[in-house]
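Novice: First to last, the sequence lines map onto chains A and B. Counted from 1, the first sequence has number 50 at position 50 by our numbering; the numbering is strictly sequential. Counted from 1, the second sequence has number 5 at position 5 by our numbering; the numbering is strictly sequential.
You may find that some hints are simply not true.
Which residues of chain B face chain A? A few of them, derived with a C-beta cut under 10 Å, are [to be verified]: (1) ARG9; (2) ALA53; (3) GLY128; (4) ALA132; (5) ALA135; (6) GLY137; (7) ALA142; (8) ILE147; (9) GLN151; (10) VAL157; (11) PRO158; (12) ALA190; (13) THR193; (14) GLU195; (15) VAL227; (16) ASP229.
Computed footprint of chain B on chain A; a stretch qualifies when at least three of its residues, placed anywhere within it, have a C-beta under 8 Å from a C-beta of chain B [said to hold, decoys possible]: (17) 141 to 152; (18) 162 to 170; (19) 232 to 241.
So these bits of chain A aren't anywhere near chain B, every CB distance computed over 10 Å [to be verified]: (20) ARG15; (21) LYS39; (22) THR98; (23) GLU127; (24) LEU159; (25) LEU185; (26) ALA186; (27) MET189; (28) MET203; (29) LEU211; (30) SER220; (31) LYS265; (32) GLU266; (33) PHE283; (34) ASP295; (35) LEU317.
Calculated from the structure, these hints are not laboratory results. Think of the CB as a built atom: it goes at the ideal place given N, C-alpha and C, for glycine as much as any other residue.
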Amino acid sequence: MTAVDVTKGFAQEMRPSIDVRNLYKNFGRLKVLKAVSVKIEKGEKVAIIGPSGSGKSTLLRCMNLLEDPTYGEVWINGRLITPVDPYLHREVICASGTFRTIYSLRSRAVAEGYMTEDELAASVIAEIKRCDLLRRFEGRDYRNAMKALKYAFGMNVNLARRGIGMVFQHFNLFNNKTVLQNLTLAPTMLKLASKEQAEAYAMTMLRRIGLADKAYAYPSTLSGGQKQRIAIVRSLCMNPEYMLFDEPTSALDPEMVGEVLQLMKELADMGMTMVIVTHEMGFAREVATRVLFMDDGRIAEDGTPEQVFGAPKDKRLKEFLSKVL
Amino acid sequence: MNAWEIFYREFVTYEGYETVLEGLLATVIIAVCGLLIGFVVGCILAVLKIIPAKRWYAKIPRWLANIYVALFRGTPMVVQLLLIHFVIFPIMHIDIPTLAEAVIAFGLNSGAYICEIMRGGIQSVDAGQMEAGRALGLGYVATMVHIIIPQAFKNVVPTLGNEFIALIKETSVAGFIAIVDLTRAFQNIANSTYEFIIPYVVLALVYLVLVLVITLIVRLIERRLKVSDRR
Ligand SMILES: Nc1ncnc2c1ncn2[C@@H]1O[C@H](COP(=O)(O)OP(=O)(O)OP(=O)(O)O)[C@@H](O)[C@H]1O
Ligand SMILES: [Mg+2]
């Protein structure tokens, strides 16, 4: 068998997207995500809902690699930010020693005419996938195939993260920096803007959310709602393409939830691509263009808000909605 | 002549105070430079110890840091000083002033202690701070240096102050490699007059004052760093 050009046939349709492929995440023996695949295209506002412990945060954190997936791949705008997962690439499996061994052991089936070569290859690939047969060392062709994919599509995760803002439940503003420094730190350190540019932009943003007078305050002196709005703006100062929100209002006093949701709504109206893990069903219904329901590490339902809230099909989703609505 | 007069004559008339001032300077230089080197070394070691490692070879830096700490905490300061002065540097043909040798020896030694202090400090900083930095696209080291270590430093200033006090007192062994530090200066006075009580009592008082000054400085720094906390 000659070396395979694994990059062939991979001409991605270049619609910008966050593409999660067959993602598994284990914490030790606990399986938190099981075969999650989801593609979020630019412009979508996706709400992720589901019971506590179903893996919503973990999925979100895998999208910018704050958690390393156990198996599976994450593609951002046609670029791979995780290591190559050999099981997702037929060409890579075919280059493996294991594949060749099994294939040659079974090749009598082809010789005697029970199967065509393609059918045999397909059955061997299926078996390798099912039984997790690939080892660490599978020969030179396999290694080259992996490398070819990595060099063709791989992307440094720090670069990818510049384009993906993240907002945390507990704000995570830098406590040792003033508000203004919080907003300008990353753009200036990454040399995306000069100090003056970054500060001017940050002040514009602060004025827009009405917190310009807090520019020189430290985070510990702010209210929860103010902190979260500043955390959102901190991400926006990087001009991200995508924004990930992990329960942005769950740690807030009720009277502050409104101001944060209002800001997120404005962001949505401006056309930002957003992925929002939330327990605010009203907000999800109003703002989201698509709702994912997660249950037990899987995406159990995926549809428009009308479908998911109006005509739920999944049994657990019905249960869940009857509890939270 | 009574003891006071003897001391006075040695100290003022025979210009013993010059030696003492030089000794004081040497002591302060060794302690301050030692602390600075120790802080840098300690931070590096602490980060090496806590950097997440999945594969076995990524754990090598951690082992090295552990060995370093074990070596420098497991042997007496004097022994390290003697080794550096009489064995290691001569073998490596490094020829630098004795004072610099002492600074390096004390720096490396306090690095081992500050490593543990900083590790505790770093681990007491909320993990969310690191995540926020990384999520913005900053690297691990950049986030460490600009976000985590400053906050860790604030948490451990009192402990670092203790370390500094211990260090300045420990510099009294620098005389072993022929450095005239504070202790050695007073020893010289005592030896040349055969009058021991007053020089050694004064020596003790000078150390005491030094330590009190450091305590004061540490408290000022603490208060200065409190600005980012809610009043
Ligand atoms: N770092 C970790 N180590 C071990 N287990 C973890 C870790 N992070 C999450 N888990 C476990 O993974 C499961 C899913 O966690 P996750 O935070 O994704 O749930 P969630 O859907 O976001 O829940 P919630 O609505 O409560 O935030 C939980 O059982 C949790 O205990
Ligand atoms: Mg969660």
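Novice: Now look at each hint and say whether the structure bears it out.
Specialist: Going through the hints against the structure:
1. ARG9: Check failed: Cβ of ARG9(B) comes no nearer than 55 Å to chain A, outside 10 Å.
2. ALA53: Where the cut-off is 10 Å and the nearest Cβ of chain A is about 13 Å from ALA53(B), the hint is violated.
3. GLY128: Holds. Min distance 4 Å.
4. ALA132: For ALA132(B), the interface hint holds, since the closest Cβ of chain A sits about 4 Å away, which is under 10 Å.
5. ALA135: Because about 4 Å separates ALA135(B) from the closest Cβ in chain A, which is inside the 10 Å limit, the hint holds.
6. GLY137: holds, 4 Å
7. ALA142: holds, 6 Å
8. ILE147: This interface hint holds because 5 Å falls under the 10 Å limit.
9. GLN151: holds, 5 Å
10. VAL157: At 13 Å from the nearest chain A Cβ, VAL157(B) fails the 10 Å test, so the hint is violated.
11. PRO158: PRO158(B) check fails; min Cβ-Cβ to chain A is 17 Å, beyond 10 Å.
12. ALA190: violated, 49 Å
13. THR193: Since the shortest Cβ distance to chain A is 54 Å, the answer is violated.
14. GLU195: GLU195(B) check fails; min Cβ-Cβ to chain A is 53 Å, beyond 10 Å.
15. VAL227: It holds, given that the least Cβ distance between VAL227(B) and chain A is near 7 Å, below 10 Å.
16. ASP229: holds, 6 Å
17. 141 to 152: violated (count 0)
18. 162 to 170: Holds, because 6 residues of the segment 162 to 170 of chain A bring their Cβ atoms closer than 8 Å to Cβ atoms of chain B.
19. 232 to 241: As far as the segment 232 to 241 of chain A goes, the hint holds, because 3 residues have Cβ atoms under 8 Å from chain B.
20. ARG15: ARG15(A) is indeed farther than 10 Å from all Cβ atoms of chain B, at 23 Å.
21. LYS39: Holds: least Cβ distance 21 Å, greater than 10 Å.
22. THR98: Consistent with the label, THR98(A) stays out of reach of chain B, its closest Cβ about 22 Å off (over 10 Å).
23. GLU127: holds, 29 Å
24. LEU159: Since the minimum Cβ distance to chain B is about 7 Å, LEU159(A) lies within 10 Å and the statement is violated.
25. LEU185: Label violated. Min Cβ-Cβ 7 Å, cutoff 10 Å.
26. ALA186: Non-interface label fails for ALA186(A): nearest chain B Cβ at 4 Å, not farther than 10 Å.
27. MET189: Check fails; 6 Å does not lie beyond 10 Å.
28. MET203: holds, 19 Å
29. LEU211: Its Cβ never comes within 10 Å of chain B, the nearest being 17 Å, so this holds.
30. SER220: At about 4 Å from chain B, SER220(A) fails to clear the 10 Å cut-off, so the statement is violated.
31. LYS265: holds, 22 Å
32. GLU266: The assertion about GLU266(A) holds, with a minimum of 21 Å to chain B.
33. PHE283: Nearest chain B Cβ is 22 Å from PHE283(A), so the label holds.
34. ASP295: Nearest chain B Cβ is 26 Å from ASP295(A), so the label holds.
35. LEU317: Consistent with the label, LEU317(A) stays out of reach of chain B, its closest Cβ about 30 Å off (over 10 Å).
In summary, the numbered hints that this structure violates are 1, 2, 10, 11, 12, 13, 14, 17, 24, 25, 26, 27, 30.
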